[in-house]
Every structure is written in structure tokens, then in C-alpha cells.
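In order, the protein sequences belong to chains V and D. For the first sequence, position 150 matches number 150 in the numbering used here, and the numbering has no gaps at all. For the second sequence, position 131 matches number 131 in the numbering used here, and the numbering has no gaps at all.
Just so you know, these hints were derived from the structure itself, not from any lab. Some hints here could point you the wrong way.
Per label pair, the in silico range of CB-to-CB distance [what the hints assert, rightly or not]: (1) 82(D) with 2(V): 57 to 65 Å; (2) 101(V) with 214(D): 55 to 63 Å; (3) 219(D) with 149(V): 47 to 55 Å; (4) 148(V) with 22(D): 31 to 39 Å; (5) 132(V) with 81(D): 21 to 29 Å; (6) 158(V) with 270(D): 55 to 63 Å; (7) 124(V) with 194(D): 31 to 39 Å; (8) 148(V) with 29(D): 35 to 43 Å; (9) 100(V) with 149(D): 37 to 45 Å; (10) 79(D) with 3(V): 37 to 45 Å; (11) 21(D) with 3(V): 51 to 59 Å; (12) 132(V) with 119(D): 42 to 50 Å.
Footprint (simulated), chain V over chain D, 3 or more residues, beta carbon under 8 Å [said to hold, decoys possible]: (13) 137-150; (14) 168-181.
For clarity, every value in this text was computed on a predicted model and none was experimentally measured. Ideal Cβ placement from N, Cα and C applies to all residues, glycine included.
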Amino acid sequence: MTAAVRIALITVLIVVTVTLQVSIFSHFSIRGVVPDLALLVVISVALVRGPNYAALVGFAAGLVLDLAPPADHTAGRWALSLVLVGYLTGLVKSDTDTPVLGSLLMVASGAFVGTSVFALTGLVLREPGIDVAAAIEVIPVAVGYDLLMAPLVIALVLLFRRLEPAERW
Amino acid sequence: MTTPEPRQTRTGVGLLVLACVTIITLDARHGESSSPVDPLRTAVAAVLGPVEDGATAALSPVTSLPGHFQDVGYLRAENARLEAAKATLESQLRAADANRHRDTELNGIAELADTSGYRVVPAQVVALGSAQSFSRTVTIDAGTSSGIQPDLTVINADGLVGRVVAATRTSATVLLIVDGKSTVGGRLGESMELGFLDGDGNVGGDGTLRLSLVDHTVSPSVGDTVLTWGSRNGAPYIPGVPIGEVVHVRSSPAELTETATIDPYVDFSSLDVVAVVTSVSAETANPQAQGEDR
Numbered sequence: 001m002t003a004a005v006r007i008a009l010i011t012v013l014i015v016v017t018v019t020l021q022v023s024i025f026s027h028f029s030i031r032g033v034v035p036d037l038a039l040l041v042v043i044s045v046a047l048v049r050g051p052n053y054a055a056l057v058g059f060a061a062g063l064v065l066d067l068a069p070p071a072d073h074t075a076g077r078w079a080l081s082l083v084l085v086g087y088l089t090g091l092v093k094s095d096t097d098t099p100v101l102g103s104l105l106m107v108a109s110g111a112f113v114g115t116s117v118f119a120l121t122g123l124v125l126r127e128p129g130i131d132v133a134a135a136i137e138v139i140p141v142a143v144g145y146d147l148l149m150a151p152l153v154i155a156l157v158l159l160f161r162r163l164e165p166a167e168r169w
Numbered sequence: 001m002t003t004p005e006p007r008q009t010r011t012g013v014g015l016l017v018l019a020c021v022t023i024i025t026l027d028a029r030h031g032e033s034s035s036p037v038d039p040l041r042t043a044v045a046a047v048l049g050p051v052e053d054g055a056t057a058a059l060s061p062v063t064s065l066p067g068h069f070q071d072v073g074y075l076r077a078e079n080a081r082l083e084a085a086k087a088t089l090e091s092q093l094r095a096a097d098a099n100r101h102r103d104t105e106l107n108g109i110a111e112l113a114d115t116s117g118y119r120v121v122p123a124q125v126v127a128l129g130s131a132q133s134f135s136r137t138v139t140i141d142a143g144t145s146s147g148i149q150p151d152l153t154v155i156n157a158d159g160l161v162g163r164v165v166a167a168t169r170t171s172a173t174v175l176l177i178v179d180g181k182s183t184v185g186g187r188l189g190e191s192m193e194l195g196f197l198d199g200d201g202n203v204g205g206d207g208t209l210r211l212s213l214v215d216h217t218v219s220p221s222v223g224d225t226v227l228t229w230g231s232r233n234g235a236p237y238i239p240g241v242p243i244g245e246v247v248h249v250r251s252s253p254a255e256l257t258e259t260a261t262i263d264p265y266v267d268f269s270s271l272d273v274v275a276v277v278t279s280v281s282a283e284t285a286n287p288q289a290q291g292e293d294r
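Kindly generate the complete structure, drawing on both the sequences and the hints.
Spelled out as C-alpha cells, the structure:
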């Protein structure tokens with residue numbers, strides 16, 4: 001698969017997941033919390049392709065989340081969160097060979113790191129509507145909901161491996 | 001094949017983190033209106049707005065049964081609240097005079113909307129901000145091509161929804177009044193006292209508003225209606241739109257103003273069709289206010 005095709009596929013994947021996240025899953029929110037589909041895509045990429053590529057995909061996906069309507073927060077906050085999630089997941093993954101249980105662990109820790117970093121940047125920037133109490137309320141629900149959606153990660157990992165069986169970074 | 005050089009990886013991710021911090025700094029330092037990120041935001045919105053719109057339309061059979069999936073705890077709380085509200089309403093029925101007063105007021109508003117020539121553009125909510133983003137914003141499927149621009153009032157059949165904060169050709173972002181960033185000038189229906197309503201920034205559930213009255217000698221009463229006070233030329237809020245009802249009043253000697261909790265009439269967790277007030281007709285608008293922004 002050429003680099004151009006890969007980039008095009010990743011772009012489409014990011015647009016689709018962000019759209020699903022804001023337009024469709026917002027109807028299925030738990031206490032306002034929506035599964036972080038973009039974050040799950042970044043984790044899947046990290047599991048297949050390692051930290052470098054996942055950080056890059058995380059940057060792109062995060063930036064789309066930051067800029068796509070109805071986002072109204074300071075741009076770059078989701079980008080920063082997802083870069084870190086992609087990189088860290090990729091690093092930890094290369095140390096352990098991960099079957100299903102491993103990817104569940106990756107999803108839980110990735111979701112925790114991602115939503116926490118986003119909340120922390122909001123606290124640092126003193127964005128309105130966010131305080132420690134709200135963060136403590138939201139983050140566990142987000143981690144739980146992301147875990148529910150973990151089969152998506154496993155499916156994406158299998159799909160990526162099928163598309164490019166030989167290539168590993 | 002092979003794993004990359006660890007240093008290379010670290011350089012790459014370092015650059016990306018640096019890029020993120022740069023974007024955050026650029027966007028955060030330039031405040032609300034003149035951020036250098038705004039053109040980028042508009043460009044992304046121009047592409048993704050229609051995509052969100054299409055997705056909402058295509059998957060509406062799926063999303064039309066969300067009630068069942070929404071959390072039971074919230075519904076239980078809502079039920080308890082409604083029971084309480086029912087009791088309050090029953091007692092209010094007995095206070096017929098006050099109600100008649102309110103009726104006239106509400107009729108007046110309806111009449112105002114008819115006669116004052118507010119032009120409204122109906123729009124559908126196509127995307128909602130998540131709780132993880134700690135903001136209460138929605139995307140609607142109408143934009144500048146329908147005459148929508150920032151600082152317009154957004155209402156629905158129940159009352160005030162929010163105001164437009166950004167618009168592209170085919171979509172617009174609406175800041176809901178329950179968002180922590182939102183402040184609305186409000187007026188108590190009974191006493192006509194003025195105050196400010198701040199969103200509580202509550203990210204899940206329905207959200208409430210905090211009302212602080214300008215005149216601290218006046219005390220709002222539970223059940224009192226709050227309407228918008230309005231600004232010049234109707235931007236960002238037109239006057240006389242019902243916002244909500246006083247459900248709780250807190251007075252502490254330490255505070256200069258009394259604070260009341262307002263339960264908004266609009267159900268923000270199930271927003272669907274809204275209306276954007278695009279213009280006040282020329283003959284009713286204050287000629288002096290014309291040409292001024294707010």
C-alpha cells in the first residue's frame with residue numbers, strides 16, 4: 001500500500017470517527033459523556049504501527065476534534081492529548097505482546113490519559129465550565145464508555161493487520 | 001520491519017507536542033474574536049458541518065431511540081423533580097392572580113413575536129459537544145447562506161436556547177445558555193427586576209443557571225419566570241424570550257446579591273429543532289440602534 005493511499009484512508013477514518021462522535025453518539029451519551037472514538041482509533045494505530053505513527057495520527061485526529069463544530073474550546077487541546085495517548089500507547093505496546101486483554105488495558109489507560117490531559121489543559125488555561133469536581137465526575141464515565149467500545153479497537157487492529165500484514169514499524 | 005531509532009521517535013513526538021502547545025498558545029492568547037486559528041476552524045467547519053448534517057439525516061432512525069439508552073439515574077431524578085414540580089404547579093394553580101399576570105405576559109411575548117416582525121430561520125441540531133470537552137455547544141445545519149451570523153439569538157418552542165458563536169456557509173455553532181462561558185441578561189417576570197444569568201457549566205444532564213440580581217434588596221421568589229432582558233438591536237439576545245423558572249433561592253449575608261437557581265425551560269439534552277432570530281424588521285427596530293453592533 002502506498003503512503004498516499006494510507007494517508008487518504010487514515011484521513012477518511014478520522015473524519016468518519018469524528019462525525020460519528022459528535023453527530024451520532026451524542027444521542028447515546030451517558031451523563032453527557034460520549035465514547036472517544038477518535039482516541040480509540042489512535043490507540044488502534046498505536047497497537048499496529050507503534051508510537052511514531054500513532055503520535056502523528058493522534059495529532060491529526062485531535063486537531064480535527066479541536067476544530068470541527070461544535071468545538072468551542074481552545075484549539076490544540078485534544079491534539080496534545082491524542083499525541084500523548086498515541087505515543088505512550090505505542091511505547092508500552094512495543095514492550096509487551098498484546099492479545100485481547102492487553103488491548104483492553106491499553107484502551108482503559110489511553111482513555112484515562114487522554115481525557116485527563118484534556119481536562120488538565122483546560123484547568124491550566126482556566127477555561128470556563130471545567131473544575132476538578134467536573135473532571136472527577138466525567139473521566140471515570142469516559143473510561144468506562146471507551147472500554148465498552150473496545151471491540152472497535154480490536155476490529156480496527158485486525159483490519160489494519162489484514163490490509164498490511166507484512167509492514168510493521 | 002525494524003523498530004525506529006528511539007531518538008527519532010522522541011524528536012517526532014517532541015515536535016508534535018510543540019506544535020500542539022503553539023496552537024494552544026496562539027488560540028488562547030488572542031481571546032474570543034481574533035484568534036489566528038479561526039480561519040482554520042472555519043475551513044474545517046465548512047467541510048465537516050455538511051458531513052455532520054448528512055450523518056444526522058442518514059442515521060436518524062438509529063438516533064431517534066436514544067431515550068432508552070440515556071441513563072436511568074438521570075430519568076429517576078428527573079421524575080422526582082417533575083413530581084415536585086407538579087406539587088408546586090398545583091399550589092400555583094390556586095394562586096390564580098399571579099398566574100393570570102404571567103399569562104398576560106406570555107401572551108404579550110407571543111404577540112411581540114408576531115407583530116414585531118422577528119424573522120426566524122429554523123434549523124436542526126446536527127451535533128452536540130460531549131461532556132469530555134467540558135462545554136455545552138451544538139452545531140446547527142444552517143449558516144451564513146440562510147442569514148445566520150455570530151451573536152444571533154437561538155430559541156425553540158420552550159424558550160431561550162443560546163446564541164450563535166460561529167457560522168460558516170452551511171452550519172453554525174451555538175453556545176447554549178447552560179455553558180460555563182454563557183452570561184445572559186435576564187429580567188424577573190413578576191417584579192421586572194434585572195439580573196445576570198450564568199451557565200453552571202454542568203457538563204452532563206440538563207444544567208441550570210445562576211441568577212444574580214442587580215438590585216440586592218429584591219428577593220426572587222420560587223416559581224418566578226425569568227425572561228431575557230435584551231440588548232440593543234437584538235444582539236446577542238432579543239428581549240422577552242422566556243428562559244426558565246426560579247427553583248431555589250440562596251441568600252448569604254456575605255454576598256451582596258441574592259443568587260437564585262434557574263431551571264431552564266429548554267431541555268438541553270434533547271435539543272432538536274431550533275429557530276435562529278435573524279432580523280428584527282426595519283419598522284420596529286430602533287433607528288438609533290441601527291448600525292451598532294450591540
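Any hints this thing doesn't respect? Which numbers, in order? 6, 9, 10, 11
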